[in-house]
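Model the full assembly from the supplied sequences, consistent with the hints where possible.
Quick note on numbering: my numbering labels position 20 of the sequence shown as 29, and the sequence is numbered without any gaps.
Mixed in with the good hints there might be a few duds.
Said to hold, decoys possible - Computed spacing ranges between beta-carbons, pair by pair:
(1) Arg15 x Val76: 18 to 24 Å
(2) Leu19 x Arg68: 17 to 23 Å
(3) Gly57 x Asp20: 32 to 38 Å
(4) Lys59 x Leu25: 17 to 23 Å
(5) Ile13 x Arg68: 27 to 33 Å
(6) Ser79 x Glu17: 19 to 25 Å
(7) Asn80 x Val18: 15 to 21 Å
(8) Asp65 x Gln23: 17 to 23 Å
Keep in mind the hints are simulated off the structure, nothing from the lab. The structure displayed is predicted, hence computed values, not measured ones. Backbone N, C-alpha and C define an ideal beta-carbon position, used for all residues, glycine too.
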Amino acid sequence: MLKIWRAEVLDDEQTLACPGRVMGTVREGILVGTGRGLLVITELQMQGAKRMSAADFLRGTPAPLGVILSNAPGKDGMR
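Right under this line is the structure:
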């Protein structure tokens, strides 16, 4: 399970991406589609782990490209 503590909206309505889909990474964090732009997850916490910056998370974990983040059981995502 993934808890998002902090994120920033990128003002990029040119990007059409499936809501919740991990699209890539930037220095600040993980890019996630919203349907009308992108969100950058900058601080997160995996189940059983400490809260950390997304940059620190990405240093030790491969980017989950293409994964759809969801709160629905049985769906694709980092649950």
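Structure-based check of all given hints:
1. A hinted range of 18 to 24 Å holds for the C-beta pair Arg15 and Val76, which are about 19 Å apart.
2. At roughly 22 Å, the beta-carbon separation of Leu19 and Arg68 lies within the given 17 to 23 Å, and the hint holds.
3. Between Gly57 and Asp20 the CB atoms are about 35 Å apart, so this pair conforms to the stated range of 32 to 38 Å.
4. Checking the proposed 17 to 23 Å range against Lys59 and Leu25 shows it is violated: the Cβ atoms sit about 35 Å from each other.
5. Distance hint for Ile13 and Arg68: a CB-CB separation of about 18 Å, inconsistent with the stated range 27 to 33 Å.
6. Range check, Ser79 to Glu17: about 21 Å between beta-carbon atoms, so the 19 to 25 Å window is met.
7. Separation of Asn80 from Val18 is about 19 Å and conforms to the stated range, judged on CB atoms against 15 to 21 Å.
8. Here the CB-CB span from Asp65 to Gln23 is close to 30 Å, at odds with the stated 17 to 23 Å.
The structure shown violates the earlier hints numbered 4, 5, 8.
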